[in-house]
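Chain B: place on chain A using the hints.
Residue numbers (our numbering), protein chains in the order written: chain A, 1 to 177; chain B, 1 to 423.
Worth flagging that the hints you see were computed from the coordinates, not collected in a lab. For every residue, glycine included, the Cβ atom is placed at its ideal position computed from N, Cα and C. Treat the hints loosely; a few may be bogus.
As the list claims (entries may be wrong) - Straight-line distance between alpha carbons at most 30 Å, and here's what the computed DSS-like set of lysine-lysine pairs gives:
1) B:57 with A:42
2) B:86 with B:161
3) B:46 with A:14
4) A:105 with A:154
5) B:57 with A:143
6) B:161 with A:143
7) A:2 with A:14
8) B:72 with B:46
9) B:72 with A:143
10) A:42 with A:14
11) A:42 with B:46
12) B:46 with B:76
13) A:154 with A:143
14) A:42 with B:72
15) A:152 with A:105
Unchecked claim - The following label-pair restraints were derived from C-beta to C-beta distances:
16) B:373 with A:26: 31 to 39 Å
17) A:14 with B:374: 40 to 48 Å
18) B:43 with A:98: 51 to 59 Å
19) A:49 with B:381: 52 to 60 Å
As the list claims (entries may be wrong) - Per the computed footprint, the stretches of chain B lying under chain A, defined by three or more beta-carbons under 8 Å from a beta-carbon of chain A, are:
20) 43 to 51
21) 319 to 328
22) 385 to 393
Next come the chains, spelled out residue by residue.
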Amino acid sequence: MKPTDPSVTWIEEKPLGLAERLYLPLFVQGLTTTARHLVSPKLTVSYPEQRPTVGNPLIYRGVHRLNRDQEGRVKCVACFLCATACPAHCIDIVATNSPWPDREKYPESFAIDELRCIFCGMCEEACPVDAIELTSLLDLTGKSREEMIFDKEKLLSVYDMTKDAEPMKSASLGGTL
Amino acid sequence: MNALTPFLPTIAALVKIGLLVGGLMTAAAYLVLVERWMAAWVQDRKGPNRVGIPLTKISLFGLGQPLADGLKIIMKEDFTPRHVDKVLYTAAPLVILAASLAIFAAIPFGSVLPPLGIPGLPDPVPFLVAPGLDVGVLWVFALSSIAVYGVLLGGWASNNKYGFLGGLRSSAQLVAYEIPLGLGLLGVVLAAGSLKLDVIMNAQAESGVWYAFAQPLGFIVFLVASFAEAARLPFDLPEAEQELVGGYHTEYSGIKLLLFLVAEFLHMVTAAFLIVIMFLGGWHLWGVTGSSQEVTWLGAFLRFGVLSAKIFGVILFFMLVRWSWPRFRFDQLMNLAWKVMLPLGIANLVTVATIEEFRPQLIERFGAGPAGVIALVAPWAVFFLGWIAAGVLTPSGTDNTPIRTHTMLDAERSLREQDLVEV
Chain A
1 MKPTDPSVTW IEEKPLGLAE RLYLPLFVQG LTTTARHLVS PKLTVSYPEQ RPTVGNPLIY
61 RGVHRLNRDQ EGRVKCVACF LCATACPAHC IDIVATNSPW PDREKYPESF AIDELRCIFC
121 GMCEEACPVD AIELTSLLDL TGKSREEMIF DKEKLLSVYD MTKDAEPMKS ASLGGTL
Chain B
1 MNALTPFLPT IAALVKIGLL VGGLMTAAAY LVLVERWMAA WVQDRKGPNR VGIPLTKISL
61 FGLGQPLADG LKIIMKEDFT PRHVDKVLYT AAPLVILAAS LAIFAAIPFG SVLPPLGIPG
121 LPDPVPFLVA PGLDVGVLWV FALSSIAVYG VLLGGWASNN KYGFLGGLRS SAQLVAYEIP
181 LGLGLLGVVL AAGSLKLDVI MNAQAESGVW YAFAQPLGFI VFLVASFAEA ARLPFDLPEA
241 EQELVGGYHT EYSGIKLLLF LVAEFLHMVT AAFLIVIMFL GGWHLWGVTG SSQEVTWLGA
301 FLRFGVLSAK IFGVILFFML VRWSWPRFRF DQLMNLAWKV MLPLGIANLV TVATIEEFRP
361 QLIERFGAGP AGVIALVAPW AVFFLGWIAA GVLTPSGTDN TPIRTHTMLD AERSLREQDL
421 VEV
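Chain A extracted, bound-state conformation:
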C-alpha cells in the first residue's frame, strides 16, 4: 500500500504538553506503576506444592478420559468419529461386536498417543455418545514414548480418577450439562 493511498488516514502525533515535557509527572507515574506491582499479590504459584487453578474445568483441554455408563461399561460404541476427526491421527481403535444388546459394537482396544495429540478437543466434539472427554489434568509426564500411549484401561482409570471432580458433561447421558 502506498502512503498516498486514499484509504490511508494520516494522524498527526499530538504535541507533548508542558507536564509531559517536564518529564516529572511521567516519572512519578512510571514509578508508581512499578511500585504497585512490586507489592501486589503474585499471579504465579509454587507449582508442585500448589496447583494452578484451572479457570473452568469443563472447557479445559487436558488429558483424555473414556467415560463409563451407569453400569460401569465403557460408553464408547466404536463409531470411529473421533479417530476420523482427529487432525493429529493419534487415536487408534480396534472395534469388535458388542457383548451387550444395546449397541452393535464396542472398542476392543482404544489407544490415544498423548505425545501426538495436540489437545484440540475435536474428538470430544465429534463423539455422538459423549464417551471421550478432555479433563482438566494439565501435567502429563512419562518416562518413555510407550508409556505415553494411553490404552483403554488407562483412559477408563482417568475417568475413575476425575469423575467426582469433573462430572460428565452431557446431561442426557448422565452428565451435568
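Relative to chain A, chain B alone:
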C-alpha cells in the same frame, strides 16, 4: 608487639581490604538475587525462592541462589572463539574487575572506629582503605574511566559485530555522561572544599544539610549521569539484548562472563556509594548518628549501618527504575546528555560557585541564619527555572511520526484537489 609496630598500618590496611573485597563480592552476588526478586515481583511473579542450604530441603526464601548461580557459571565451559584477539580478550574482564574493585580504596564505607589504643596505629581508625589519599574523588573517577576500557577492550577484542557495536556505544555514552557527572561532582567539591570523600561526608554531617538539598540540580544531574555511567536501564545501550545480543560480552562465557557481570554490579554499587556519600549525607542521619568525630563503638556501627541502609535504598531505586522505563534510543540518549544535562550541570556549578563566593558577604550583611536560608533557596529557584527551561526549550527528540517526503505530500495534495480524498 614492638617488632610488629612498623607493620601495623599495613596489617590494618590488609584487614580492611579483606573485609571490603569480601563484603563487596558477597554483596554483588546477593544483589543479583535482589535484582531477580525485584524483576519477579514487578512482573507479579514470585522469583527465585527454592535454593537454600545445599543438600537439604531447607529453602530459606532462596537465599542459597547466589551460590548456585556462581557455581553454575564457573562450571560452564570457558570458551574462547578462534577469531578473538587472545591477549585483549583475556585482559578485558580482568581490567574491568580490577578497576571496579580498586575504586573502593578511596571510598569510605563508614565513619571511624573509636580509638583502639594500639601504639603505631593512627587513632581513630577510619573506615577507609587509603585514609591519607587527598585526591579521593579524582582516584574514583580515574579508575571508573579505566573500567570503561574493560568494556571497550572486551568489545574490540571479541572481533564480533555485536560486541564491537556495544563497545562503540559504550564509549560514546560514557564520554557524553562523564561531563554531567563531573559537573555534578564539581558543585559538591566546591561546597565542601575538599576532594576527600570522608571530608565531604563530614561537611554534610556538620551542617546537617545534605548536598541533595543544597544542590538539587546537581543531585539530579549526577543521579542521571551515574545511571548512564553504570549502564543501567534506561541507559543500558552497550548491552541492549534485543539489539546487540549481549553487547560487549556477547563472545564471553564461563568465568570471564562472570567477571564482567560482577564488575557491572560493582559499578552500580560504586554509583550508589557516590550518590549517598556526596549527596545524601553519607553516614549522617539527623538525631541518630551525631556529627562529631568522637564516636563510641555503638555509634561507629550505627553510622556504618546508616550508610549501608542508604546505599541499599539507592540500589533498590536503581532496580525499580530498571522496570519503570524503556531504554532510550541512541539519539535521545545523546540529546539528553548534551542538550539537557550539560546545561543543567553548568547552571548548578555557576549557582554553587556564586553562593560560595559571596557567602562571607552574605553572612556579614544578613547574619548566619538568613544567609544560610538564602544559600538554600537560591539553588532551588535555579533548579525549578532550569528544569522548566530544559522542558520547554529542548527538542523532545521523541518524534516518531513516519517521514513523509515532499513528493508524497504533493501527491496527497493533488489527490485532495481532485476530491479523491475526503478531508
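- Please work out if residue 161 (chain B) and residue 143 (chain A) have their alpha carbons no farther apart than 30 Å. 43 Å, violated
- Quickly compare the C-alpha distance for residue 46 (chain B) and residue 76 (chain B) to 30 Å and report which way the hint goes. 27 Å, holds
- Proposed proximity, residue 154 (chain A) with residue 105 (chain A) (alpha carbon, max 30 Å): This hinted pair holds, its Cα atoms lying about 20 Å apart.
- Message: For a C-alpha distance cap of 30 Å, please report whether residue 57 (chain B) and residue 42 (chain A) respect it.
- Response: Roughly 23 Å separates the two Cα atoms, so the pair holds.
- Message: With the threshold set at 30 Å, check whether the alpha-carbon distance from residue 46 (chain B) to residue 14 (chain A) stays at or below it.
- Response: 39 Å, violated
- Message: Need the status of pair residue 42 (chain A), residue 46 (chain B): alpha-carbon distance at most 30 Å?
- Response: 6 Å, holds
- Are residue 2 (chain A) and residue 14 (chain A) close enough, with their CA atoms no more than 30 Å apart? The hint holds at about 24 Å.
- Starting from the hint 51 to 59 Å, judge whether the C-beta atoms of residue 43 (chain B) and residue 98 (chain A) obey it. Since residue 43 (chain B) and residue 98 (chain A) have Cβ atoms about 55 Å apart, the given range 51 to 59 Å holds.
- Task: Quickly compare the C-alpha distance for residue 42 (chain A) and residue 72 (chain B) to 30 Å and report which way the hint goes.
- Result: 28 Å, holds
- Query: At a Cβ distance under 8 Å, does chain A reach at least three residues of the stretch 43 to 51 of chain B?
  - Reply: holds (count 5)
- Decide if the proposed pair is consistent with the structure: residue 72 (chain B) and residue 143 (chain A), CA atoms, cutoff 30 Å inclusive. Holds. Residue 72 (chain B) to residue 143 (chain A) sits at ~26 Å (cutoff 30 Å).
- Query: Are the Cα positions of residue 152 (chain A) and residue 105 (chain A) separated by 30 Å at most?
  - Reply: 15 Å, holds
Checked against the numbered hints above, the structure breaks hints 3, 6, 10 and satisfies the rest.
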